[in-house]
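Protein chains: 2
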Amino acid sequence: MQNLIFTNDVEAAIERLTHSAAPNVTVYVADVNTARFAFGQERLVVIPDGDSGKSLETVNRVWEAFEDFGVTRHSLIINLGGGMVTDLGGFAAATFKRGVRFVNVPTTLLGAVDAAVGGKTGFNFGGLKNEIGAFALASDVIISTRYFDTLPEREMKSGFAEVVKHAMLSDRSEFLRLLDHDFSAPINHNDLLERLRHSVQVKVDIVARDPNEQGERKALNLGHTVGHAFESLAMQRGKPVPHGYAVAWGLVTEAVLSHMRLGFPGEDVHRLGHFVRDNYRDFPFTCDDYDDLLDLMRHDKKSRAGEITCTLLTTIGDYRIDQTITPDDITAALDILRDHLGL
Amino acid sequence: MQNLIFTNDVEAAIERLTHSAAPNVTVYVADVNTARFAFGQERLVVIPDGDSGKSLETVNRVWEAFEDFGVTRHSLIINLGGGMVTDLGGFAAATFKRGVRFVNVPTTLLGAVDAAVGGKTGFNFGGLKNEIGAFALASDVIISTRYFDTLPEREMKSGFAEVVKHAMLSDRSEFLRLLDHDFSAPINHNDLLERLRHSVQVKVDIVARDPNEQGERKALNLGHTVGHAFESLAMQRGKPVPHGYAVAWGLVTEAVLSHMRLGFPGEDVHRLGHFVRDNYRDFPFTCDDYDDLLDLMRHDKKSRAGEITCTLLTTIGDYRIDQTITPDDITAALDILRDHLGL
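Residue numbers (numbering that gives the first Met the number 0), protein chains in the order written: chain A, 0 to 342; chain B, 0 to 342.
Hints should not be assumed to be uniformly reliable.
[Said to hold, decoys possible] If you want a taste of the chain B side facing chain A, the calculated C-beta under 10 Å gives, among others:
#1 Glu63
#2 Ala91
#3 Thr94
#4 Gly98
#5 Thr120
#6 Gly126
#7 Gly132
#8 Pro239
#9 Asp267
#10 Arg270
[Said to hold, decoys possible] Here are a few chain B residues that sit away from chain A, every Cβ distance over 12 Å (derived from the structure):
#11 Val31
#12 Asn59
#13 Arg72
#14 Lys96
#15 Arg97
#16 Lys119
#17 Asn129
#18 Ile186
#19 Asp204
#20 Arg280
#21 Pro283
#22 Ala331
Think of the hints as simulated: they come from the structure by calculation, not from any bench.
Note that CB positions come from ideal geometry on N, CA and C, so glycine has one too.
The following block holds chain A by itself, in its conformation from the complex (with noise of 0.2 Å):
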């Protein structure tokens, strides 16, 4: 089990864990944003930002650094960073001398209730996103809202989609708090951290459940089947979306579906239609954008012969992973979903 440590005094957190610890090497990951963080610190690995530099020589220097630094078993990993840092240093530490524990202190909205739980690990390999990669827990991860002061508004937006997405899995007045949420004020941190604490431990339950993906975990894919395909055909385009804005329209896209599938309430629907709207409009796509879009689905590496499969609501708190529904279901979905963007 993963210890989760909701705190704004980062430091007092990684002072009490490295004295509890006692390890004989206390080492840094971070990338050349969140590098000033730890400032100070005498072992520090600095790695690149940007998915480019998720790559196995970025690996390689991991390691290399890690044997420099003289580290064992009995040492210490802090990740410092957004999820590209916790991905790759987790898998850093995981595979070194057959792993080393590792702590994640996640610097990002996404990585704090996407990336840094649950024990998703890894790199970008051929072409391909986070190809190669391990299940490893960190064995702790501090949760923090003071670095989300100074991250711009459309990277807070993209780790809010996943907020909301945990609360539809959940607790529907959790939900329906979220939806009241206005970006353009200065951010609450201790009511932040309170959504925070909710949001993660939704995919704790649901990862401790299933750690290796075999069922259950499948329902954190909510909003991901069709999300996955957005995001995949603006990065083939050139011009690349954030990772939660195509999650915010796949959410809206597969909660069409659930309500046309299973009944989900269409009041519901048009909440969350309203809130994506008026948060996450810039969609990039036409009805031109089907056929690509159907075909993306098509080829996901959760999807098995070609069929198209997704987690859909009964009700806000009761999924259903393994879904499968048809190409004629997602046309009419997504031209719904185009009207609630008032597109």
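Based on these hints, arrange chain B on the given structure of chain A.
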């Protein structure tokens, strides 16, 4: 849990496995010597033999081959070879798309009783053996003696030392039976397969109780604290010795230590000493090497803070892990080892 299959009809066993698993693609990994056993297979990755090829470059090439062959999470990897093939091929499979099912088919005695079972996978890095790796179990291990007729006698003896170790951890009648083994006689396949069945089960039972080497698994380190020092020193001097020879000498030394510290019966020390003198006599060290050997034991991957610890026995079948031993005790035991060897 690993499914263990003891049979000399390897093709039929593989046929049954692929029939039930129904993989979309089956890929064989073999080295330049064992590739002939995969003759006629459509998808085969051939890697170098020898420890210098157990590298990140080779892992990279295996991952690239998996991409080329269209390996997915619904594929099957078959590692056909000695410890290097099962270690490296296992790591490549365990990390490709965060884990593809793999089957080990060991072709050496040492591989069958040691590397192929228990889930340790990995490769050499920064000049250190198995420095990068993961704990990942082969779903199935097909254990046969059919590849052993052409194994050099030194390789048979090397593997046999691990068979003796497993008997020392579990069963005195098996231990005594093994000491009667005659390496100059032709292989009795039925009998040897029975010995393997007994031996592998000892390892599997211990690993099942402690898969990630937190405690009890250290029992399998019997003979290895001292044995690794022999192996490393011989390697440093450019005159490597087979792993199992170093283990055989380590078993005698640690049996002597067990007698000194825990009252392990002297008659069993003598029986073991005779067997090792008869079969593993070419011991390349003198009393001038004791300081170097002690230094190596202090820096073993499993030691902490310079203390030397090992697994000792009170009697055959009853082990005690984490026994701290002094340099003086080891020096005395090494003298007695050399007496047993008639040196």
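Structure-based check of all given hints:
Below 10 Å, beta-carbon pairs count as interface contacts, and glutamate 63/B has one with chain A at about 7 Å; its hint therefore holds. Taking 10 Å as the C-beta contact cut-off toward chain A, the hint placing alanine 91/B at the interface holds, the least distance being around 9 Å. Taken as an interface hint, threonine 94/B checks out: its beta carbon lies about 5 Å from the nearest beta carbon of chain A, inside 10 Å. Using the Cβ-Cβ criterion of 10 Å, the hint placing glycine 98/B at the interface with chain A is satisfied: the shortest such distance is roughly 7 Å.
Hint on threonine 120/B holds. Least Cβ distance to chain A is approximately 8 Å, under the 10 Å limit. Look at glycine 126/B: its Cβ gets to within about 9 Å of chain A, closer than 10 Å, so that hint holds up. Annotation: glycine 132/B was flagged as interfacial toward chain A, and the flag holds, the nearest CB pair being 4 Å apart, inside 10 Å. Interface restraint check: proline 239/B against chain A, minimum CB-CB distance 22 Å, threshold 10 Å, status violated.
For the restraint placing aspartate 267/B at the interface with chain A, the shortest Cβ-Cβ distance is roughly 33 Å, beyond the 10 Å limit, so the hint is violated. Here the hint on arginine 270/B is broken, as its CB sits about 35 Å from the closest CB of chain A, past 10 Å. Annotated as non-interface, valine 31/B keeps its C-beta farther than 12 Å from every C-beta of chain A; the closest such distance is 24 Å. With a least beta-carbon separation of about 6 Å from chain A, asparagine 59/B fails to lie farther than 12 Å from that chain, contradicting its non-interface assignment.
With a cut of 12 Å on Cβ distances, arginine 72/B falls inside the contact zone with chain A, its closest approach being about 7 Å. Look at lysine 96/B: its CB is around 6 Å from the nearest CB on chain A, not clear of 12 Å, so calling it non-interface is violated. Look at arginine 97/B: its CB is around 4 Å from the nearest CB on chain A, not clear of 12 Å, so calling it non-interface is violated. Some Cβ of chain A comes within 12 Å of the Cβ of lysine 119/B; the nearest lies about 7 Å off, and the non-interface call is violated.
The claim that asparagine 129/B is not at the interface with chain A is violated, since a C-beta of that chain comes within 12 Å of its own (minimum 8 Å). The non-interface label for isoleucine 186/B is consistent with chain A: the shortest C-beta to C-beta separation is roughly 34 Å, beyond 12 Å. Consistency note on aspartate 204/B: stated as away from chain A, and its beta-carbon is indeed over 12 Å from all of that chain's, at 21 Å minimum. Distance to chain A confirms arginine 280/B as a non-interface residue, since its nearest Cβ pair spans about 34 Å, more than 12 Å.
Non-interface status of proline 283/B relative to chain A is upheld: no Cβ of that chain comes within 12 Å, the nearest being about 29 Å off. With a cut of 12 Å on Cβ distances, alanine 331/B stays outside the contact zone with chain A, its closest approach being about 30 Å.
In the structure shown, a violation is registered for the earlier hints numbered 8, 9, 10, 12, 13, 14, 15, 16 and 17, in ascending order.
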